Amino acid sequence: SQQGEEDPQALSIQEGENATMNCSYKTSINNLQWYRQNSGRGLVHLILIRSNEREKHSGRLRVTLDTSKKSSSLLITASRAADTASYFCATWYSGGGADGLTFGKGTHLIIQP
Amino acid sequence: DTGVSQNPRHKITKRGQNVTFRCDPISEHNRLYWYRQTLGQGPEFLTYFQNEAQLEKSRLLSDRFSAERPKGSFSTLEIQRTEQGDSAMYLCASSPGTGGYTEAFFGQGTRLTVV
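Here the protein sequences come in this chain order: A and B. All residue numbers for the first sequence refer to my numbering, where the first residue is 1 and numbers rise by one. All residue numbers for the second sequence refer to my numbering, where the first residue is 1001 and numbers rise by one.
Worth double-checking, as some hints may not be accurate.
To be verified - If you want the ones that stay clear, here's a sample from chain B, every Cβ over 12 Å from chain A, calculated:
{"#": "1", "residue": "1015"}
{"#": "2", "residue": "1017"}
{"#": "3", "residue": "1115"}
Unchecked claim - 30 Å max Cα-Cα, derived DSS-like pairs, lysine-lysine:
{"#": "4", "chain 1": "A", "residue 1": "26", "chain 2": "A", "residue 2": "69"}
{"#": "5", "chain 1": "B", "residue 1": "1057", "chain 2": "A", "residue 2": "26"}
{"#": "6", "chain 1": "A", "residue 1": "105", "chain 2": "A", "residue 2": "56"}
{"#": "7", "chain 1": "A", "residue 1": "69", "chain 2": "A", "residue 2": "105"}
{"#": "8", "chain 1": "A", "residue 1": "56", "chain 2": "A", "residue 2": "26"}
{"#": "9", "chain 1": "B", "residue 1": "1014", "chain 2": "A", "residue 2": "105"}
{"#": "10", "chain 1": "A", "residue 1": "105", "chain 2": "B", "residue 2": "1071"}
{"#": "11", "chain 1": "A", "residue 1": "70", "chain 2": "B", "residue 2": "1057"}
{"#": "12", "chain 1": "B", "residue 1": "1011", "chain 2": "A", "residue 2": "105"}
{"#": "13", "chain 1": "B", "residue 1": "1057", "chain 2": "B", "residue 2": "1071"}
Just so you know, the hints here were simulated from the structure itself, not pulled from any lab data. All figures in this text were calculated on a predicted structure; none of them were measured in a lab. We put the beta carbon where it would ideally sit given N, CA and C, even for glycine.
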């Protein structure tokens, strides 16, 4: 089963523009994480936001978390061609869970030069 | 130690054959996870280990799949009697600590093609 769902499934923007992708999840969480995956490669951890945090920044990344709506957003500012990748949100269930760190289906981001 | 290492990177096998993949986690990491990913989908959890103990196994995991982590170091994932539906990328990840809820570090994956 997949806990999170990203939206949109695909996004194409011009280089230099900002990219926003959203994630919704179903149950209470301990934290929510965002990962990037370049085509055919492993996943790279981007940022982790805890359930008691509302916003977090890392370089050009900004993540928000709204636990009342069970949703998160990832904003990439001043996008670059190298940002082209799939982006996944992932959550741990608060109780540990039998599904480990559970991923959504991802948003495929294309940055047009 | 430069990260999580998976071998082989690619495997092509005939239907019905057995295959085994290896994962070497980051050396100080206690937790090790296996995921399966098909095209256009997110990683799907298979199983995870805390040191040498296999703590969880996905309800979706067929009995043809087995994983081990002897001595709490490297891990192997074996698929017996492979089927075409087993074709996927198999990802291994590790994380530090015993309490969970931390970031996971992924290997590059093993891409399996069953013909």
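For this structure, which hints from the list above don't hold up? The structure breaks only hint 10.
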